[in-house]
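Enquirer: Chains as they are written, first to last, in the working numbering: chain A, 1 to 235; chain B, 236 to 337.
Just so you know, the hints here were simulated from the structure itself, not pulled from any lab data. Using N, Cα and C, we set each Cβ at its ideal position, and we do this for glycine too. Any given hint could turn out to be false.
Unchecked claim - Rough simulated footprint, nothing fancy, chain A against chain B, three-plus residues with beta-carbon under 8 angstroms:
1. 247-254
2. 275-284
3. 291-298
4. 303-315
5. 319-331
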Amino acid sequence: MDESHPPDRRQRLRDGLRAGLPFGIAGVLVATSFGVVAQGAGLSPAAAIVMSAIVFAGSAQFTAIAILTQGGSVGAAVLGAALVNSRFLPMGVAIGPSLPGGPLRRALQGQTIVDASWAIASRGDGTFDRYLLFGSTAVQYVGWVGGTVVGALAGNVLGDPEAIGLDAVYPAFFLALLIEELGDRRSRLVAALGALIALALVPVAPGGVPVLAASLAALVGLHSSARAAVVAETR
Amino acid sequence: MSSSVALIGACAVVTFVIKAIGPVALGGRELPLWFTSVVILLAPALFAALVATQALADGDRLAVGADTVGVAAGGLVAWRFRSVIGCVVVAAVVTAGLRAIS
């Protein structure tokens with residue numbers, strides 16, 4: 001994967017930028033609502049912008065802010081953010097083999113993992129194109145920080161984020177990602193299973209755990225890989 | 236202000252570590268077949284869970300509301316027209332519209 005010529009890499013970076021652009025634009029809306037709600041939790045506009053710039057993890061940022069708004073401690077907010085971010089563990093494990101270089105370089109490349117880019121970079125065979133990942137994340141980063149600036153500075157003008165439906169933007173964003181993944185029957189089965197696992201855990205587990213636990217639904221893949229191995233052996 | 240610094244700093248460190256673990260542990264390895272089979276199914280599992288927990292729940296209880304309808308309408312746009320931007324805009328507009336009339 002790394003033997004590619006520089007022109008080819010630049011092309012894939014550009015492809016990544018193009019593929020990430022719609023998600024970057026959608027992310028502006030989500031980030032705008034973050035900029036507004038962050039101030040409700042006592043963050044200054046500057047703090048909200050800095051948080052988006054260095055944390056750059058939408059659902060974790062929303063979770064931390066929600067916990068603070070509900071009167072939770074900073075420790076509880078950080079724990080909530082960590083749990084919501086825990087889905088990046090399986091994503092990072094998945095993409096790890098596709099990232100070259102020493103441990104530090106791989107750790108830094110891993111920082112570019114965000115939901116949409118991870119899906120865009122997937123080649124569908126278990127490997128990932130890291131240049132598509134970098135390109136699509138770059139454009140989403142700009143949208144995320146830019147949207148936060150808008151929300152943080154224009155929050156008073158925009159009013160209540162729920163009244164203008166901004167709380168529906170984030171789940172809709174993930175639904176658009178999900179729909180791209182439902183090409184075959186097995187994916188649809190796993191999606192239904194993942195949703196059921198998560199919903200069953202919502203009333204009993206802390207935030208973030210239901211989504212992490214839903215990754216277990218992907219173990220359905222073990223069944224088909226075992227079958228493929230048997231087929232290969234009998235030939 | 237100092238609590239903002241603590242919150243942002245801790246969230247940044249935690250996010251960095253979580254995103255680094257997989258790449259550091261597994262960088263440059265060959266993939267066994269079972270690993271690949273599971274990896275390609277992670278996306279539908281995780282994204283479905285994110286949608287379900289955000290659109291069909293409110294904190295720690297299951298709840299259906301205007302946002303649920305808005306997200307469903309957005310999903311229809313994403314499915315028919317393959318448009319992410321159309322999806323999120325329709326979701327917000329439908330949700331806001333329902334709240335305005337209820």
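Enquirer: Now, for every hint given, state plainly whether the structure supports it.
Expert: To see whether the hints hold, each was checked on the structure:
no.	hint	result
1	247-254	holds (count 6)
2	275-284	holds (count 10)
3	291-298	holds (count 6)
4	303-315	holds (count 6)
5	319-331	holds (count 12)
Of the hints listed earlier, there is not a single one the structure fails to meet.
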